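Asker: Chain by chain, the residues run as shown.
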Amino acid sequence: MLNLSLIWELTKRDFTEQFAGSALGMTWAVVFPVINLAIYTIVFGQVMGARLPGHSGVYAYGVYVTVGLVPWIAFQNSLSRSTSVFLEKKPIISKVRTSMPALLIYISLSESITFVITMSLFLLFLLLTGYSFRINLLLVPFIYFLQQLFAFGVGLLAATLNVFIRDFKQLIGIVLQLWFWFTPIVYVRDILPDAMKSLIRFNPAYVIIESYQRIFVFNAEPAYRTLIIMTVVTHLILFGSYAVFRALEKDVRDFL
Amino acid sequence: MMAGIGILLWACLFLGLTYAMWKSIEGYTKVYLLIAFSALFLIGVFVLFPYLKGFTVASAQQGLMMFSPYFR
Chain S
3 MLNLSLIWEL TKRDFTEQFA GSALGMTWAV VFPVINLAIY TIVFGQVMGA
53 RLPGHSGVYA YGVYVTVGLV PWIAFQNSLS RSTSVFLEKK PIISKVRTSM
103 PALLIYISLS ESITFVITMS LFLLFLLLTG YSFRINLLLV PFIYFLQQLF
153 AFGVGLLAAT LNVFIRDFKQ LIGIVLQLWF WFTPIVYVRD ILPDAMKSLI
203 RFNPAYVIIE SYQRIFVFNA EPAYRTLIIM TVVTHLILFG SYAVFRALEK
253 DVRDFL
Chain P
30 MMAGIGILLW ACLFLGLTYA MWKSIEGYTK VYLLIAFSAL FLIGVFVLFP
80 YLKGFTVASA QQGLMMFSPY FR
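Chains S and P are the protein sequences, given in the same order. Residues in the first sequence are numbered from 3 upward in steps of one, following this note's numbering. Residues in the second sequence are numbered from 30 upward in steps of one, following this note's numbering.
Derived by calculation from the structure, the hints in this document are not laboratory data. On a predicted model such as this, the values are computed, not experimentally measured, just so you know. Possibly wrong hints are sitting among the right ones.
Said to hold, decoys possible - Taking lysine to aspartate or glutamate and the DMTMM-like style, the derived pairs with C-alpha atoms no more than 25 Å apart in a straight line are:
no., chain 1, residue 1, chain 2, residue 2
1, P, 59, S, 251
2, P, 59, S, 253
3, S, 252, P, 55
Throw the hints in and build the complete structure from the sequences for me.
Answerer: Right under this line is the structure:
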């Protein structure tokens, strides 16, 4: 049912295909994150002079943006790419006997490789700039796991519905754009009007991103109670998505 | 340190349990069980981690209080 070798092969191919044929090859897997991190930290912090309210550090805003953007990109790519995975992998689904939801795993794994590379480079940057590491950093992999599970749950539902309604992919793209600007990633929560501040608590992406920001930027504890609620909600979504998929699986295969 | 080891042990325990469950159960029920296991695992992490951190600080303070009159 769960073809692990197929998932691993798809993950490897998906990651290496991005750089296939280029002279530098896999070096780009490191160059791109370095450039992105340089933009977030050096350009925002030093060149543009952006400062985080209440923080005098040159790199504070850069760190704030990085710990928001890097997980967001992993989440966004996982969700948007998952939406069309059944249609894109139609030849595999029709030829190889495998679990269809398992196909979403390779997307998440591929995005996780990029996330791990970028975060490793980011930690190196923090080390070089004299950042004091706290034990709360140990929670980062678990928060990331929760985030990717959430993307998986929503992605599975979107992928199932996208087989019948092809506009779903475009719809998810628009939702993700709005979602990005409704989540304090490049701006701070305090600039929002009061009505929005109370609404934003119900934004799952905010719960996740805020946890990273608390750990990395504010050296504080993440909101454990909110994370537990988020865990319950995420797994309810996973249950629901899988139930919907199971109910429609035969039709999905027929449509494909 | 205590929190790190505690979470690592918790992760190992759940990996073992999940593997045993996955191997012993047939059919689609195991997917639902996998989701339930994952929920329990993460809830466990978010409950245990602050507790273990608190435990570390408290036990260290208690140790200092016991062995040195200067910390009384």
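Asker: Residue 252 of chain S and residue 55 of chain P were given as a pair; does the straight-line alpha-carbon distance stay at or below 25 Å?
Answerer: Roughly 20 Å separates the two Cα atoms, so the pair holds.
Asker: Below or equal to 25 Å on CA atoms is what counts here, so check residue 59 of chain P against residue 253 of chain S.
Answerer: 22 Å, holds
Asker: Would you check the hint for residue 59 of chain P and residue 251 of chain S, treating anything up to 25 Å between C-alpha atoms as holding?
Answerer: Distance of about 17 Å is within 25 Å: holds.
Of the numbered hints listed earlier, not one is contradicted by the structure.
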